[in-house]
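S.K.: Given next are the chains, with one letter for each unit.
There are 2 protein chains.
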Amino acid sequence: MPNYQPDLDQVFHALADPTRRAIVERLTRGPASVSELAAPMAMSLAAVMQHLQVLEDSHLMRSEKRGRVRMCTMAPDVLARAEAWLGERRRFWSTQLDQLGDILGEDE
Amino acid sequence: MPNYQPDLDQVFHALADPTRRAIVERLTRGPASVSELAAPMAMSLAAVMQHLQVLEDSHLMRSEKRGRVRMCTMAPDVLARAEAWLGERRRFWSTQLDQLGDILGEDE
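Same order as they appear, the protein sequences are chains R and Y.
Using my numbering, the letters of the first sequence correspond one by one to residues 914 to 1021.
Using my numbering, the letters of the second sequence correspond one by one to residues 914 to 1021.
Simulated from the structure, these hints should not be mistaken for laboratory data.
This one's a predicted model, so the numbers in the text were calculated from it and none came from an experiment.
C-beta: ideal position from N, C-alpha, C; glycine also.
Please note: incorrect hints may appear among the correct ones.
What the hints assert, rightly or not - Beyond 12 Å from chain Y on every Cβ pair, some chain R residues (computed):
id: 1; residue: 934
id: 2; residue: 978
id: 3; residue: 986
As the list claims (entries may be wrong) - Straight-line alpha carbon distances no greater than 25 Å define the calculated SDA-like cross-link-like pairs of lysine to any residue that follow:
id: 4; chain 1: R; residue 1: 978; chain 2: R; residue 2: 943
id: 5; chain 1: R; residue 1: 978; chain 2: R; residue 2: 988
id: 6; chain 1: R; residue 1: 978; chain 2: R; residue 2: 964
id: 7; chain 1: Y; residue 1: 978; chain 2: Y; residue 2: 1000
id: 8; chain 1: Y; residue 1: 978; chain 2: R; residue 2: 1017
id: 9; chain 1: R; residue 1: 978; chain 2: Y; residue 2: 1017
id: 10; chain 1: R; residue 1: 978; chain 2: Y; residue 2: 951
id: 11; chain 1: R; residue 1: 978; chain 2: R; residue 2: 935
id: 12; chain 1: Y; residue 1: 978; chain 2: Y; residue 2: 952
id: 13; chain 1: Y; residue 1: 978; chain 2: Y; residue 2: 938
id: 14; chain 1: R; residue 1: 978; chain 2: R; residue 2: 942
id: 15; chain 1: R; residue 1: 978; chain 2: R; residue 2: 956
id: 16; chain 1: Y; residue 1: 978; chain 2: Y; residue 2: 1014
id: 17; chain 1: Y; residue 1: 978; chain 2: Y; residue 2: 939
id: 18; chain 1: Y; residue 1: 978; chain 2: R; residue 2: 1000
id: 19; chain 1: R; residue 1: 978; chain 2: Y; residue 2: 1016
id: 20; chain 1: R; residue 1: 978; chain 2: R; residue 2: 1016
id: 21; chain 1: Y; residue 1: 978; chain 2: R; residue 2: 952
id: 22; chain 1: R; residue 1: 978; chain 2: Y; residue 2: 1009
id: 23; chain 1: R; residue 1: 978; chain 2: R; residue 2: 952
id: 24; chain 1: Y; residue 1: 978; chain 2: R; residue 2: 949
For reference, chain R alone in the conformation it holds in the complex (with noise of 0.2 Å):
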């Protein structure tokens, strides 16, 4: 039954972390230098970047050098994703509330 869809392993593994996430809100508002990410964080340079590769692997943000400063950008698509499929249990799941509620009405 299963349904393997690695890529929403790693997007929702992703989202599962408080920093990740604020790093994802920071890079929805626009590119920044990954020292303009780190910089609120209450953490090592070396421990935002662990959290970099981790949004990097998942495809959430695309990261390119340019010159001595590493640029991170949202990738939006995979956000999508992730999005339409918890959309889609939700519908199906309201689908379900009114035929339950269709069969309640009948059988008053």
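Fit chain Y to the supplied structure of chain R, relying on the hints for placement.
M.R.: Only chain Y this time, still in chain R's reference frame:
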């Protein structure tokens, strides 16, 4: 900067596993007993019950004992909250892209 939402930590962690997503998919089609959920899974009942515990801890599902059977039901509000978080991020990002488009348009 991190905006701590322990709920979202647990929800995204719960969804980061294909077996747990399969259980969520099954439950969005209606309530099911633990044995019904375990039947199609290639794993021990104990392993399935561990996954169910993670889902219940994240409040994605509820379970209750009815006689000798434990029935599981979706709790869709948490799913909706995770979907809302993703949707908000995606909308922010789209706004950024639109603004970038406007700026590039002005430059021409």
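S.K.: For a C-alpha distance cap of 25 Å, please report whether residue 978(R) and residue 935(R) respect it.
M.R.: holds (22 Å)
S.K.: Does residue 964(R) sit within 25 Å of residue 978(R), going by the straight-line distance between their CA atoms?
M.R.: holds (17 Å)
S.K.: Taking 25 Å as the top limit, are the C-alpha atoms of residue 978(Y) and residue 1000(R) close enough?
M.R.: The given pair, whose Cα atoms are some 29 Å apart, is violated under the 25 Å limit.
S.K.: Just to be careful, I want the Cα atoms of residue 978(Y) and residue 952(Y) compared with a cutoff of 25 Å; is the pair within it?
M.R.: Roughly 18 Å separates the two Cα atoms, so the pair holds.
S.K.: Can you confirm whether the C-alpha distance between residue 978(Y) and residue 939(Y) stays at or below 25 Å?
M.R.: Roughly 19 Å between the alpha carbons, so the hint for residue 978(Y) and residue 939(Y) holds.
S.K.: Need the status of pair residue 978(R), residue 1016(R): alpha-carbon distance at most 25 Å?
M.R.: It is violated: about 60 Å lies between the C-alpha atoms, which goes past 25 Å.
S.K.: Are the Cα atoms of residue 978(R) and residue 943(R) separated by 25 Å or less?
M.R.: Holds, at about 16 Å.
S.K.: Quick one, are residue 978(Y) and residue 1014(Y) close enough, alpha carbons at most 25 Å?
M.R.: violated (56 Å)
S.K.: Residue 978(R) and residue 1009(Y) were given as a pair; does the straight-line alpha-carbon distance stay at or below 25 Å?
M.R.: OK: residue 978(R) and residue 1009(Y) at ~22 Å, within 25 Å.
S.K.: Between residue 978(R) and residue 1016(Y), does the CA-CA distance stay at or below 25 Å?
M.R.: Within the cut-off at roughly 24 Å; holds.
S.K.: Just want to verify: residue 978(R) was marked as not at the interface with chain Y; is every Cβ pair farther apart than 12 Å?
M.R.: holds (21 Å)
S.K.: Check whether the Cα positions of residue 978(Y) and residue 949(R) lie no farther apart than 25 Å.
M.R.: violated (51 Å)
When the structure is compared with the earlier hints, violations turn up for hints 1, 3, 7, 10, 16, 18, 20, 21 and 24 and for no others.
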